[in-house]
Amino acid sequence: MMIKVPPYLRKGDTVAVVCPAGYMPLQKAQTCIDVLKEWGYNVKTGKTLESSSQNYFSGTDDERLDDFQQMLDDDEVKAILCARGGYGISRIVDRIRFKKFRQHPKWIIGFSDVTVLHCHIYSNYKVSTLHAPMASAFNDEGYTNEFVLSLKNVLTGNKIKYEYAVNALNKKGEAAGELIGGNLSLLVHLMGTASDIKTKGKILFLEDVGEYLYHIDRMFVQLKRSGKLEKLAGLIIGGFSEMKDTERPFGKSVYEIISDSVKEFDYPICFGFPVSHGKENYALKTGTRYKLMVGKNKVALEE
Amino acid sequence: MNRKNFLSSVLTFGAVVPFSKYIDEEGGSSKPLIVPEYLKPGDIIGITCPAGYITLQEIQSAMQQVENWGFKIRIGDTVGKRDFTFGGTDEERIKDFQQMLDDDSIRAIMCARGGYGSVHIIDALKFRKFVLKPKWIIGFSDITVIHSHLSRNFNIASVHSKMCNSFPDDWAKAEQVQIDSILSIKQSLTGEKMKYLFPGNANNKTGITEGQLVGGNLKTIESLSGTKSDIETDGKILFVEDTGEYLYSIDRMFWNLKRTGKLSNLKALIIGGFKIKPDDAGEEFGKTLYEIILEKVQGLNYPVCFDFPVGHQKENYALKCGIRHRLNVTTDKCSLIEL
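The listed protein sequences derive, respectively, from chains C and W.
In terms of our numbering, the first sequence opens at residue 1 and continues consecutively.
In terms of our numbering, the second sequence opens at residue 1 and continues consecutively.
Treat the hints as calculated values from the structure; they're not laboratory data.
Careful: at least some of the hints might be erroneous.
If we take Cβ atoms under 7 Å as the criterion, some of the chain C residues that face chain W in the derived model are [as the list claims (entries may be wrong)]:
id : residue
1  : G40
2  : K44
3  : S90
4  : M191
5  : T193
6  : R218
7  : V221
8  : S253
9  : P274
What the simulated footprint calls covered on chain W by chain C, stretch by stretch (three residues with Cβ under 8 Å from a Cβ of chain C suffice, anywhere in the stretch; the number is not a length) [claimed, not checked]:
id : segment
10 : 31-43
11 : 55-66
12 : 73-79
13 : 82-89
14 : 95-104
Even for Gly, the Cβ is constructed at its ideal location relative to N, Cα and C.
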């Protein structure tokens, strides 16, 4: 089944901003909203942005579900930008109705917890989504950097071509395939569920934040034992930031852990790709085909 | 996969009959349950480190106690070995565990401690001989990998209990619950029928049920999802415990259980100790552990009991995984009785 690519955005199109997971005050999303308008889009904010919630979530499950569902079914809305991740989409994903979305796909934008939507939509509906910076990335002049601008670039339909530096642990080679992936912790959390992804022949990209090194190791063992690493076309390792270690040190750096767990595979692997919880986070269309070139002097990912 | 098929064909020919007893299942696993022989005085218990490292000094207290019970001890090569956090390299841990699995004179294998690392060696272990002449595997926490793997692939009973690192240095100064927890290991290994009475909880969902016991550490169970050690829970009594996790993380793990169908066809759910990591300021989760769990089993008609004495705590009684138990849950008091 061919991947369905939602229509790219034109000036005057409407972008919805919602919070399907953690709480976010409007003020923290204001720059994002303003910049989206500067880019020429209308912005429709959902009720879950600065909701009345007093806890972690940006509203009850029902409130978050209703808000997202409304934007999903609203013909006027051409893209839904999740203002932040955090945690919470797992709680509502099985209740989201994608019937209308399947027929009239639109861009779902975000990363981290939004990995649940990327995987769920890819596996069940084969619609391309956008793994990209969210609202807070626009703050503190962030909207001028190439990573936030890459979101605009993709939304307007320009082809993706990213080039970046090599890493000593890279495994050289070329690969072609559909690109899928996201946050490692979420990816393994989805294993065995209706949102689980198949990775055979695909280029898989992964990033994570704030995990213990042994957790990263265990998650890679899980990916491997479930057969998700052996038949990849290529592997892209993004940022693994703010890693923690146990009292008894694990004894390897995070990239060494990853490199060791895929050493028997001969597909190309690159480390340090700018996809992460930090500033360096290029927009990536999931589900569409790319060429990955891991060379001696540079790495390139091209649609 | 081939190994699995090979084993199931061996089992249907009944090659294991002389060494173990069969118990008929009512649903759940298609393979007959294999119960290792219980231990007699003079039997040998091997001590090995499939996961984290431990020093010889740290197992002295456990050795002494186990010898007092009348068993002999075989210390594995991995005791005292260290490769950073692990009790030796993967190869060393595999070799040590394999040797204990294959050595007929060893009647039980006690894992010295948990930590992390069993999942690194589980696929390299050969259970061919072990399946024909099974022995008790003892441990919890990271050892959940082994319990789940044995249950899923071979339907062999094992003991979920404290390990060497939990034996008190000074037996005289230890709390009674700690002593009782450790004595329950001996009782379970020598074939005593286990019977646990424990207080009720106002949040319990009451009822009486019977089924095979499966479970262990929740995080470890989640990390086995989608692998060939993935826990099978249909028609069983599932127990879970965890430590040091945020509420949101516990919630997410229960969603994994729910979304993978592991809560749909249980006979009962037993919630052990959950040491919860406090929410960060401004990130208050807003739901209690009770709410997190009860919402996942809403509409499901089986008993659920909280505060069962199993987990990363002093009260951590031996549970025979795979064996059928009767669970009686009220809000007032509860019991888990081996059948």
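Hints versus structure:
Below 7 Å, beta-carbon pairs count as interface contacts, and G40(C) has none with chain W, the closest being about 35 Å; its hint is therefore violated. Hint status for K44(C): violated, given a least beta-carbon distance of 27 Å to chain W, over 7 Å. The beta carbon of S90(C) comes within 5 Å of a beta carbon in chain W, closer than 7 Å, and the hint placing it at the interface holds. About 4 Å separates the beta-carbon of M191(C) from the nearest beta-carbon of chain W, less than 7 Å, and the hint is met.
About 4 Å separates the beta-carbon of T193(C) from the nearest beta-carbon of chain W, less than 7 Å, and the hint is met. Because the closest C-beta pair between R218(C) and chain W is about 5 Å apart, less than 7 Å, the hint holds. The criterion of a C-beta within 7 Å of any C-beta in chain W is met by V221(C), whose closest approach is roughly 5 Å, and the hint holds. With a least beta-carbon distance of about 12 Å to chain W, the hint placing S253(C) at the interface is violated under the 7 Å criterion.
The interface hint given for P274(C) is violated, since its Cβ lies 27 Å from the closest Cβ of chain W, which is over the 7 Å cut-off. Counting residues of the segment 31-43 of chain W whose C-beta lies closer than 8 Å to any C-beta of chain C gives 0; at least three are required, and the coverage claim is violated. Counting residues of the segment 55-66 of chain W whose beta carbon lies closer than 8 Å to any beta carbon of chain C gives 0, which falls below the threshold of three, so the coverage claim is violated. Taking a C-beta to C-beta cut-off of 8 Å, the segment 73-79 of chain W contributes 0 residues in contact with chain C, too few for the three needed, and the coverage statement is violated.
Check result for the segment 82-89 of chain W against chain C: holds, 3 residues qualifying (beta carbon to beta carbon below 8 Å, three or more required). Only when three residues or more bring their CB closer than 8 Å to a CB of chain C does the claim for the segment 95-104 of chain W stand; here the count is 0, and the claim is violated.
The structure fails to meet hints 1, 2, 8, 9, 10, 11, 12, 14 from the earlier list, while all remaining hints are met.
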